[in-house]
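Participant: Next come the chains, spelled out residue by residue.
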Amino acid sequence: MSTLGFCNLSIAYDGVLAVNGFNDILHSGEWLCLIGPNGAGKSSVLRAAAGLVDYSGSVAIDQQEIPTTSAKWRAQNIAYVPQTPLMPDDMTVFEFVLLGRNPYIKHFALESAHDKQVIEKVLTRLDLTPFTKRMVGTLSGGERQRIVIARALAQEAPVLLLDEPTAALDIGHQQQALELVDDLRRERGLTVVSAMHDLTLAGLYADRLVLMHQGLCVASGDARTVLRSETLAEFYGVSARVHHEADGTVVVIPQRSINN
Amino acid sequence: MIGPAGPQWWRVPIELLDRLPLITIDSGVSPEQWNIVWQIRMPRVVLAVLVGAMLSISGASYQGVFRNPLVDPYLLGVAAGAGLGATIVFTLRRSATETWWIDPLPLAAFIGGLVAVFATYIIGSAFNKTRSTATLVLAGIAVTALTTAIQTFVLQRNNDVVRQVYSWILGRLSSATWGDVRLIMPYVVSSCVVLLMHRRLLDVLRVGDEEATALGANIRRVRLTVVLAATLGTASAVAVSGLIGFVGIIVPHTVRLIFGASYRRVLPLSILFGATFLVLADIPSRVLSDPAETPIGVVTAFFGAPFFLLLLRARNNRS
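Line order of the protein sequences matches chains R and L.
Under this note's numbering, the first residue of the first sequence is numbered 1, with each subsequent residue one higher.
Under this note's numbering, the first residue of the second sequence is numbered 1001, with each subsequent residue one higher.
The hints are simulated quantities; they were obtained by calculation from the structure and are not laboratory data.
Ideal Cβ positions, reconstructed from N, Cα and C, are used throughout, including at glycine.
One or more hints might be untrue.
[Stated by the list, open to error] Negatives, chain R to chain L, calculated, CB over 12 Å:
| id | residue |
| --- | --- |
| 1 | 155 |
| 2 | 237 |
| 3 | 253 |
[Unchecked claim] Computed list of lysine to any residue pairs in SDA-like fashion (alpha-carbon distance at most 20 Å, straight line):
| id | chain 1 | residue 1 | chain 2 | residue 2 |
| --- | --- | --- | --- | --- |
| 4 | R | 72 | L | 1220 |
| 5 | R | 106 | L | 1257 |
| 6 | R | 72 | L | 1017 |
| 7 | R | 106 | L | 1209 |
| 8 | R | 106 | L | 1222 |
| 9 | R | 106 | R | 116 |
| 10 | R | 106 | L | 1225 |
| 11 | R | 116 | L | 1182 |
| 12 | R | 116 | L | 1265 |
| 13 | R | 133 | L | 1315 |
| 14 | R | 133 | L | 1257 |
| 15 | R | 133 | L | 1258 |
| 16 | R | 133 | L | 1225 |
| 17 | R | 106 | L | 1315 |
| 18 | R | 72 | L | 1193 |
| 19 | R | 106 | L | 1258 |
| 20 | R | 106 | L | 1193 |
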C-alpha cells in the first residue's frame, strides 16, 4: 500500500528529451495506464522508475524520494515487468521466479527458507506449481508472461510497473493477464503503472489514463475524458470512432480514411 | 603417477600409506623411485589439479558475466600479455637468468597477463557509456592484436628463441616443481573462493543487465569483481603452465550439458571436472611420444574436442 509520485521527471537520450517534466501522483492501489503514440515517452517513464535510465527530477514512494544509489531499496519497492523479458531457455521456472528475491538477499548470501516459502506461495497463487521444474524455454507465451509476473510478485514490492504486458499475447491471454494483475492489485493493494497500446483494454482496466505525446502529459483522466476522437486524431493522427457502451466501457474503433 | 620411469603404478598408493605415521607396509618402492614420484610426478599432478580447476571456473565465470558461451578465460588478453612477458624473458637468454634467485619466467608471464587485462579494462570502460559488455570484449580483441604484434616483432628479431616460445605457448606441466605449486596456490585458492561466492549473482545476471538491475543487483560491481578474480587466477595458471587451450570452454559446457546451467552447480563442478580433466589429459601427454613430451594443450584439444562434439550430439538428439 503505497503512493507513487513523479515530480518534474525528465529523461534525455544523447541530449534529446524523451520525457519533458512529467508530473503525476498515484494514490495507493490505483492503476494508471500510460497511453500515447510510439516514442511518446511511456516506456521511458517506467524505465526511469525502475532505475534503468538516468533522469532528472524525482520518483517518490510514499513521498520518500528513491535514492538513485540503492538498487536494492528500489527493487524492494518497485517491481518491473519489461516488454520483452530476457528468459534463458535452460533455467527452470523455480530458478527464474527465485530471482525476484534478489533485493532481499545480502550480496554473497543465498536464499533463505523464507525466500523459498515466498516463491512457493507465489507459484501456488498463479497456478504455476505444476511448472516448477519445467525449463523456461519450453513454455508458451501466456505461461511465460505468468512467470514474469510471478517473479515481480516475489519482489513483494508495493508498486508494479508493466511495460506493454499484453503485446505478445492473443486476445484470450491478454484478458487473462490483465484480470490477473487486477486481482493481485485488489488482494495486495498494489499500485500499478502500465504502458499499453490497446486503448480499449487500457480504458477497461485502468482507473485512470494518461495520454503522453512527445514527452509531455497532454491529457489525464478516466477513459471517457481521455479517449475522444478529436484527442486521438490530434495526437495519434488516427481517424477513429469512440463508442460508449451502456456499461460505461469506452470502445475505440479505427476507421478507414475516406479517400480510400 | 604413471610414466616411463619409476615404480609400478599400483605401488604408489601403498607407499603413500606407508609414509603416513603409524603405518608400516612394504610397498617395494625404492628411495630413488620415490624421489621420481615425490619430486617430479607429485607436483605435476597437483599443478594439473590447480591449473585445470582454475581455467575451468574462470571460463565458466567469464561466460557468466559476458553472457556469451564462446568466451574463454583468455578473452581479455591474459594469454597474449603472458605470451609477450614470456617471450621477453626468453630473449634475455634463459642461461643468463639461471643464477637469479627467482625464475623470472612465471613472474613475467603473470605481470604481462595482468597488464594486458588492465589495459583492456581501462580502454573498454573509457568508451563504455552504455552498460554494454561488447565494448570490453572488443577492447580485449584489440589489446590481444596489439600485444601479439609486439610479440611477433620481438620474435622476428630473436629467431633463435622461436622454438622455446612456441613450446611455452602450447602449454606444459612437465617442468612442474613444488615451487610452482607454492607460487600459484594462494592466487588459485583465493580466486576460486571469490568466484564461488558469486554463484548466485551470476544466476541473476543470466536475465541480462537491465533486468538484473531492476532486480536490485549491482551489475558493475559483480562484473568487476568476477573479472578481476578470474583474471588473477588465470594469469597465475598461465604463468606456470603456458597456454592450455580448450579447458576453459569445454569443461564448463560439459558440466552445463550434464547438470544444468545454474551457476550454483556449474562453478563448483567446473572446479572438480577441470581438475580431473587436466590430470587425465596429462597422462597421454607423458606417455604418447615417450620419452619426449606431447604438449598438454595438444592433448586437451585432441581428446576434448571429439568428446565435446559427442556430448553435444547426444544432448541434441534427446531434446
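Participant: So if I understand the rule, the pair passes when the alpha-carbon distance is 20 Å or less; does residue 106 of chain R with residue 1258 of chain L pass?
Facilitator: violated (30 Å)
Participant: Would you check the hint for residue 72 of chain R and residue 1017 of chain L, treating anything up to 20 Å between C-alpha atoms as holding?
Facilitator: violated (53 Å)
Participant: Is it the case that residue 253 of chain R keeps its Cβ farther than 12 Å from each residue Cβ in chain L?
Facilitator: Nearest chain L Cβ is 36 Å from residue 253 of chain R, so the label holds.
Participant: Taking 20 Å as the top limit, are the C-alpha atoms of residue 106 of chain R and residue 116 of chain R close enough?
Facilitator: Satisfied, since the Cα-Cα distance of roughly 15 Å is no more than 20 Å.
Participant: Starting from residue 133 of chain R, check that the Cα of residue 1257 of chain L is at most 20 Å away, please.
Facilitator: Within the cut-off at roughly 17 Å; holds.
Participant: Are residue 72 of chain R and residue 1193 of chain L close enough, with their CA atoms no more than 20 Å apart?
Facilitator: Roughly 24 Å separates the two Cα atoms, so the pair is violated.
Participant: Mind checking the alpha carbons of residue 133 of chain R and residue 1225 of chain L for me, to see if they're no more than 20 Å apart?
Facilitator: Violated. Residue 133 of chain R to residue 1225 of chain L sits at ~31 Å, over the 20 Å cutoff.
Participant: Does the structure keep residue 133 of chain R and residue 1258 of chain L at a Cα separation of 20 Å or less?
Facilitator: Holds, at about 16 Å.
Participant: Does the claim that residue 155 of chain R lies off the interface hold, with its Cβ farther than 12 Å from every Cβ of chain L?
Facilitator: About 7 Å separates residue 155 of chain R from the closest Cβ of chain L, which leaves it inside 12 Å; violated.
Participant: Is the straight-line distance between the alpha-carbon of residue 72 of chain R and that of residue 1220 of chain L 20 Å or less?
Facilitator: holds (14 Å)
Participant: For the pair supplied as a hint, residue 106 of chain R and residue 1257 of chain L, is the alpha-carbon distance within the 20 Å limit?
Facilitator: violated (30 Å)
Participant: Could you grab the alpha-carbon distance between residue 116 of chain R and residue 1182 of chain L and see if it respects the 20 Å cut-off?
Facilitator: Violated. Residue 116 of chain R to residue 1182 of chain L sits at ~42 Å, over the 20 Å cutoff.
Violated hints, in rising order: 1, 5, 6, 11, 16, 17, 18 and 19; the structure is consistent with all others.
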